[in-house]
Amino acid sequence: MIDKLSWMAIYPEVVLLVMACIIALVDLSTTGARRTRTYILTLLTLAVVAFLTGMAAVHGQTVYGFGGMVVSDPMGNWLKCFASVALMVTLVYGRPYAADRGMLRGGEMFTLSMFSLLGMFVMISGSNFLLIYLGLELLTLSSYALVALRRENAVASEAAMKYFVLGAMASGFLLYGMSMMYGATGSLDINEVFKAVASRKVDHQVLVFGLVFIVAGLAFKVGAAPFHMWVPDVYQGAPTAITLVIGAAPELAAFAIIIRMLVEGLLPLAIDWQQMLAVLAVASLVVGNLAAIAQTNLKRMLAYSTIAQMGFMLLGLVAGVVNGNTYNAQFAYSASMFYVITYVLTTLASFGIILLLAREGFESEEITDLAGLNQRSPLYAGVMAVAMFSLAGLPPLVGFYAKLAVLQALIASGQAIYIGLAVFAVIMSLIGAFYYLRIVKVMYFDAPVTATTVSAPRDVRFVLTLNGALILILGIVPGGLMTLCAQAIVATLAN
Amino acid sequence: MGLLSLAIWVPIAFGVLLLAFGRDDRANLVRWTALIGALVSFAVTVPLYTRFELGTASMQFVEKFSWIQRFNVNYHLGVDGLSLWMVLLTSFITVIVVISAWQVITERVNQYMGAFLILSGFMIGVFAALDGILFYVFFEATLIPMYLIIGIWGGPNKIYAAFKFFLYTLLGSLLMLVALIYLYNKSGGSFDILSWHRLPLAGGAQTFLFFAFFAAFAVKVPMWPVHTWLPDVHVEAPTGGSAVLAAIMLKLGAYGFLRFSMPIAPDASREWAWLMIALSLIAVIYVGLVALVQRDMKKLVAYSSVAHMGFVTLGFFIFNELGVSGGIVQMVAHGFVSAAMFLGIGVLYDRVHSREIAAYGGVVNTMPKFAAFALLFAMANCGLPGTAGFVGEWMVILGAVKANFWIGLGAATALIFGAAYTLWMYKRVYLGPVGNDHVKELKDLNAREFLMMSLLAIAVLWMGLYPKPFTDVMDASVGNLLQHVAKSKLP
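Residue numbers (the numbering used here), protein chains in the order written: chain A, 1 to 495; chain B, 496 to 986.
I should point out that these hints are in silico values taken from the structure, not numbers from a laboratory.
Be a bit skeptical, because a hint or two may be false.
Claimed, not checked - Pair by pair, the computed Cβ-Cβ distance ranges are:
#1 R359/A <-> D520/B: 20 to 30 Å
#2 T296/A <-> R521/B: 44 to 54 Å
#3 D520/B <-> T296/A: 56 to 66 Å
To be verified - From the derived model, a few chain A residues whose C-beta atoms are all more than 10 Å from chain B:
#4 M8
#5 I22
#6 A24
#7 F66
#8 V208
#9 V423
#10 I427
#11 L470
Here a beta-carbon is modelled for each residue, glycine too, at the ideal position from N, C-alpha and C.
Please construct the entire structure, taking both the sequences and the accompanying hints into account.
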C-alpha cells in the first residue's frame, strides 16, 4: 500500500524525472547552437528541485516511504539540495565549452545530466541496498554516455571506455557485497540489516567478507587508492565540462551512500570497516599527494588532488566509533560531510576556471596554460588562487575548517593511533600545499604566454565570482554550514 | 565595533578596496588611497595606547562573540602589555612601507599596496587574538599575502624564496594546529587561550605542547638552526616585504612564546629553558659571526636579525623581569631598526640595483643626508646608548647576568660582533673615496625618502632616549606572566 507520506518522501525526484522527460521533448524543437531554451529550462528545474529539497531539509523531518525503501531526512535533503546547485553551476560553466566543441548539437548533455542527478537522488534517498544500487547505476550509466558525448574525439572515447569497464567492475563488487549481506541477514532493507547485524546472531565471517566487497566498491566510486586508477584517466580524457559533471555533485551522493550503507546499515561492524577506510585513506593521501606533484596536466593534477582530498574525507569516517562507543560519531561524520561539501564547492571553482580559459579549438589543460593569468585577468586568477589555497587547507578559506574538523574528530577520539593518523594527514597536507602553491605561482609569478584578456559570458562571470567569494565567505563565517552538517548527521544517527 | 576590530578590519577593508581597482592606469589614485588607508589604520590604533590602563595585567579592549558554535570558537580579542606595542608597531610600519613603495613599485601597484594592507590587518589579528583558532587563522593567513609579495615583486630567485618561505613556516604551524586541537580536547572543549593558561597539564603533555609550539614559533622567529630560510627570503623579497618580514613577522613567533609556550606549558618551559638559552646564545654569537662575512647587504642584515631575535628569546627564557621586559623592548626596537636598515638598503638598491657591499664605497660623498640617517640606524643596530637598540639589549644582558654570569657574558660579547659587522659594512659602503661611477651619479634622498627615514629616526631616538612609555605598558603583564610561569601546573 502506498500512502501519502511515501510521495512526500520522493516528490523532488518525481519533479526531476518528469521535467527531465519534458525537457528531452522540448529540446527536439530547439535549434539554437547554444540550446538556450533547454539550458534555461534545465536551470529552472534544478533551481526548483534545489528549493524543494532545501525546504524539506530546513523542515528537518525524517520520513520513510514505500515500506522503508526510501528515506527523506535532513542529511539527504541537504546533500540533494547541494547536488542540484552543484549541477546548475556545472552547466553554467560547461555550456560555452560544450557549444564550442559540438556537444550541444542535441540537448543530451542537459537531459543526461538531469538523469545522473536523478540517480544521485535515488542513491541519497535509498534505504535499501537494491535501490541504492539502482540509483548508482542510473548515475554511472548517464555518466558513461556523457563522457562519450564527443564521440569523434579519440581521447574522450578512450576515457569513456575505461570509465565503463572499471565502473562496471566496481558495480559488480558492490552488488556482490550486497548479495553477501542479503545472504547473511536475509534482508536488503538497511534498517533490517542493521538490526540483524546488531543482534550478533549472524555469522561474522560472512558479514566481513561481504563488507570487504562493499567497501571496495565504494572506494572505487569515490576514487580512493588503491581503487583510484580510473580517476586520472577519466578526469583528463573526458571533455572538461563533463569532468566537472562527474567530479563534483556525485561526490555528495557517494558520501551519502557511505553513510547509508556503512553507518546506518553496518555500524555494528564499524570496527572492521573503520580499519579498511583507514587503510584506504592513508593510501589515498600518499598516492594522491605524491603523484600530483609530478603532473604537468592540470586536469590530471586535480584528479590526483581529488584522490588525496577524498582520502582526507575518509579519515573523518574512521574515528566515529571508538572502543564500541559512538559519542564521537556525530563529530566525525559531520566533519566528513562538511569536508565533502566544501570540496565540491572548490572543485567547481577550479574547473570553472579551466573551462573559462579553454577556447574554441584550444584545451586549457596544461598547468603552463595558466601562466600569468593574474596579468590577463586579476579576478579569475583570484578565484583560482582562492580555490587552490582552500584545497591546500589554508585559513581563512573554507578548506581549512574542513581539515580542522576532520583532525579534531581524529584527535578527540583520544586513541594514539588516530592521533598518529592526524599527524600523518597534516604532513601529507604540507606536501599537498606544494602543488597547489605551484598553480598560484604559475598564475602570479610567471609571465603570460598570450596577452589576450579573458572574456566570459555574463552568467559564467557572475557565478564564478560568486563561487570564489563563497569559498572566502564560508572561510570567514564557517559556523553556519558546520552547524547544518552537525544537525543533519545527528538527525540521521538518531534513526 | 571595538577598537581592536577596527584595527584589524580597517586595513583589510582598504586592501580589498585596492584589489578592486584593477589595472595600473590609475596608479596615483591607488597610492593615495593606500596611504590614506594606512594612515587611518594607524590612527585607529593610537587610542589603544592613549586609553590603555597601566598597572593591570588583565586584557583590555576585550571583544568576544561566538564565531563557530560547533567548536566553541569565539571571536575573542584583547591586548595587554605584551601585545599592545606590537599592534602599534605593525600599523606604524605599514604606513612606512606604503611610503617606501611610492615610486618604486610601478607594476600592479594596487595588488602590492593591497597585499600589505591586508597583511597588516592579519598581523594585528595575531597579536590581538585570544582564541586559539582565531590566532591560528590570522597566523597562517599572513603567509598568503607574503607569498605573493615575495613571488611577484621579488628578485631573480624569487620563486625559490617564496616556496621556501611558505613551506618552511607552514610545516611549523601545522604542528601547532595539532597542539591547539589537543588543548581543545584536554580543556573540555574550549579554544580560549586564557583558560588554557590555567589548565593543569601533566609533564609529558607539557613537553609535547612545548615542542609543538616550538616548531611553529622557532621557525618564525627564526631561531638557530631553523633560521636558514630567512636570509634566502630576505635577499629575494622586495624592500617592503623585507621590512615587514623583519620588523613584524618575526615577532609573531616571539610573541607566540610569550602567549602560548611559557604560560601554557610553564613546567616544560623551565625544564627546557637550557635548550632555548643555548639556541639563543648560538644565534647571538655564531650567527653574529656569520653576518660578519656576508657580501650581500640584505643577507648581512638578515643574519643580524637572527642574532637580534636571539636576544629576544634569550631574554624570555631566563625568566626574570629584566629579561622578559628587555626581550619585548628588543622586539619593538628591532622592529624599527630592522625596517630602517632594509629600507635604507632599498634606497641604495633603487638607484644602483645591487645589494653587494663591494658595489658601493664612499656613498657619503654623494648622499650626505642619507649617510647620516644610515649612521644613526647602524648605531642603533649595534646597540649604542641613546638609540632604541640599546635599551632592550642592555636589559636582557642585565637580566642574564642576574640569572647566570656566563650567559650574560656570552650575550655581552655578541654586542661586539654586532658592532663589528654593522660598522664594517657602514665603513665599506658609505665611507672612503667614491667607489665607482654608479656611486658618483647617486642623488641624495628625495622628500619622500627623507620623510620615511625621519619617521623611523624619530622612533628610534624616542625609544632610545625615553623608553619609559614602552616599559610602563608592559610592567604589569610581565610581572603577571612571570608569577604564572613560576607556579607549577602539574596536576
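So, going through the hints one by one against the coordinates:
1. R359/A <-> D520/B: 20 to 30 Å: holds, 26 Å
2. T296/A <-> R521/B: 44 to 54 Å: violated, 38 Å
3. D520/B <-> T296/A: 56 to 66 Å: Hint violated: Cβ distance 35 Å, outside 56 to 66 Å.
4. M8: Holds: least Cβ distance 30 Å, greater than 10 Å.
5. I22: holds, 41 Å
6. A24: The assertion about A24/A holds, with a minimum of 43 Å to chain B.
7. F66: Since the minimum Cβ distance to chain B is about 34 Å, F66/A lies beyond 10 Å and the statement holds.
8. V208: Its Cβ never comes within 10 Å of chain B, the nearest being 31 Å, so this holds.
9. V423: violated, 6 Å
10. I427: violated, 8 Å
11. L470: Per Cβ check, L470/A is outside 10 Å of chain B; nearest 16 Å; holds.
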